[in-house]
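Peer 1: Residues per chain are reported as follows:
There are 2 protein chains.
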Amino acid sequence: MFILIDKQRDTNYIYQQIYRGIKENILKGKLKANEKLPSKRSLAEELNVSINSVSFGYEQLLAEGYIYTIERKGYFVENITEFIQQENLFKDKLPEDLREEPVSRDGWLSLSHMASDLSIFPFKEWIKCQEKAIESYKRELSEIAYSQGPFAVRDTICRLIALSRGVNCEPEQIVIGAGTQLLVGQLMELISNDSVIAVENPGYARFYQLLKKMNFDVHPVSLDDQGIKMNEIESKKANVVFVTPSHQFPTGKIMPISRRIELLNWTTKDDNRYIVEDDYDSEFKYETDNISSLQSLDRNHRVIYMGTFSKTVLPGLRISYMVLPPNLLRKYRDYYAAFMQYSNSLMLFTLHYFIETGEYAKHVKRMNHQYETRRKLLIAEIKRRFRDEIQIEDVPAGLHFLAHFKTEKSYQEIEERAVQIKLEIYSIRRFLLKKNDNRENRISLVLGFANLKEESITEAVERLYDVFYK
Amino acid sequence: MFILIDKQRDTNYIYQQIYRGIKENILKGKLKANEKLPSKRSLAEELNVSINSVSFGYEQLLAEGYIYTIERKGYFVENITEFIQQENLFKDKLPEDLREEPVSRDGWLSLSHMASDLSIFPFKEWIKCQEKAIESYKRELSEIAYSQGPFAVRDTICRLIALSRGVNCEPEQIVIGAGTQLLVGQLMELISNDSVIAVENPGYARFYQLLKKMNFDVHPVSLDDQGIKMNEIESKKANVVFVTPSHQFPTGKIMPISRRIELLNWTTKDDNRYIVEDDYDSEFKYETDNISSLQSLDRNHRVIYMGTFSKTVLPGLRISYMVLPPNLLRKYRDYYAAFMQYSNSLMLFTLHYFIETGEYAKHVKRMNHQYETRRKLLIAEIKRRFRDEIQIEDVPAGLHFLAHFKTEKSYQEIEERAVQIKLEIYSIRRFLLKKNDNRENRISLVLGFANLKEESITEAVERLYDVFYK
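Those protein sequence lines, which keep their order, are chains S and L. Heads up: the first sequence runs through residues 20 to 489, numbered per the numbering used here. Heads up: the second sequence runs through residues 20 to 489, numbered per the numbering used here.
Bear in mind the hints are in silico, worked out from the structure with no lab data behind them. Keep in mind that the hints are not guaranteed to be accurate.
No copy is singled out in the list; a pair is fine if it fits within one copy or between any two copies.
Pairs of lysine-lysine, DSBU-like flavour, derived with a Cα cap of 35 Å [as the list claims (entries may be wrong)]:
#1 K143 <-> K304
#2 K157 <-> K395
#3 K248 <-> K231
#4 K147 <-> K381
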């Protein structure tokens, strides 16, 4: 036997040395198939180690199939195929183009519409709610959740959106998921795949891309001053329409009642017509009251309502939900019987208590107050600095607004300069689902203010000015 | 104006009464399009309320598009299409077949392979790790995570699986996701859709169904005593093989080294061949050491390794991961650039500290100890009670084992009786991807012991005996 034992290591290690030594000898072909191994006792004597060490080593080799045993005859080497190793192009090193560089965000200011400010998030209360969840829902936490999500959580969400959004539903109709994108994917499996889909343009590019990847016939439809154009929906022969009536993404417009009624009336003209209402940030409404959801007006079960807690709780929370009309719910139950719930169940039950104890409402109120102030300050500061070079679509809602800047520069120049001076901005280019290049010497940005502290607003606007005019 | 104001309510409510009163008059057609509304002052006088109340009411109607305003002329009713309401089949009540009945689990005992025992989960340490995560990763938590998951967490997972599973990788190759099912879905988008897939039979039905839904040509391949049959893989002309080498699901067999080498050699014969290694419960290994992953032997970048924290931390944690070979990683980055991370980021950073502080390793060790005891007791108790009527596939690994019972009863009879006497069991029927009915008077059950307390084992076995022989 060609095993070297290093006694300096601890005893535990000795059996591993025996295991490895024999394993290598087998793989290298030095020990042949069906060759008999020495008895435990004789190997222990030969190596001057304990029989236990040899025994553990043999057991491990046996468990992994390197050797086999015949009762009262001993241990034998398995017949193992020779290993083919191809010429290895990568030599186990990751190719350079796949390396990730750590990105430092120090010194950056963000005008992103996607971020949140966690400095006012009540983490203490959140942890308390989590402790309650652990105490009260231990059995539920030890099992895999039902695909639609735990009933108690759906019940809570149901009551919340009935109150705050006028949504008409039962807990049974709610499907919880780890993000609206995932839910849209699930929903669209239930809808005939020869459907024609209309989406708002400009609009939410992720849904557009997802629908295209799912091989749907998707059409970007332009907006007039009331929202998505009815005549284009008709001319494209669409039967499913995706809209953001509470706060059009990204233009910020609120869909007036007349367009809402036109859309709902449109659904009644064919059995396969649906509206997907993406209510992504409706919790943020300044100056006036919240406007009820489109779903609240629907008496024909044609609206699928979608909401999320990413904007109000944490961006990485991954708890969204959709409300299915009864006929789609029936299809969902058929199709997704074996599916998993993808939201973290500890976070789901935590959210449940966060809402039940009133902490959620308090937090939303606090955020509304804070974001309203920031929004006003940011708009005032931009107007002061840019004067006539700017036009702002000033709708007091949501976490972003659209602003148009007079400039000779291109989108690319603007975006590159912003990176140079560490200002995170998103231009409307990202949301134009059909590109058009005659932009009459203006650039439109989607400006978010949720993660911009009051004391940084002046500096952020200064950088913004720099981006355009330096 | 036909508005009735109830002064008994608080002032806040008065503006809402004005808003609702006018809104209803418009929707019912009592106020006509372009009709002028009374001035704020005159309406306030008429209703004997404050001008502010009228003003708020008008603003809300304006925001929602019920009325419009012309400067210095006043407020006018919008031209709103009439609402079409179809005859409503459901009358807003949920149809009976869609109702969910609350299911009580009181008095049940579980032999499920899917559950966990949370009574030994160190929730206190988990919460502490969460507090650290909140403190140290506030910025990351306020942003949407990178589609592969935060680098710090991937780095931690990378070091963990290098150590415990011999997995050969860099953090860049790890993709975190909210479940292996979701990750399989993502992975298979990167693999040519004319691929032929081989899956183990019996095997994990969820993957099989998912692959069929994705329209892949999937073939259940039977097992010999070493695992998935090589000649069937060849005869089906498969180019992607799904396996569970550490602990075959559900038979529990450990794939010996020779079959591992045969599988790896098989991949080298064509450029499009891959093995998906689902290492779903490899952390649980009794009597011998852990067996390194199949990926650890792969020098040709053909194995996609998949792991999960559902079994070791919480079933509803929804944190899984896959390790992509460089060429698939490149495709992933192209395809999923705009994709979201679906795992909860607070839980991800909590897990990061849970591993880094050593709590994870401690917990896995504690669970191994506990589960080993339960496994031994359950097997002993079953053997004692059933004597010759039972054969157990006794592989000291994982959280379940396969047991065959001599009986004249059918699977359906067994399953119905189990529900009657509140015993949760899963039969192999669920995992037979191709049904065969000549089961020679025996029934095979997948028996899990993770959520069965020691003191309940005798009772659970008594019920099991009842299921078969009463």
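Peer 1: Output the indices of the hints that this structure fails to meet, ascending.
Peer 2: none
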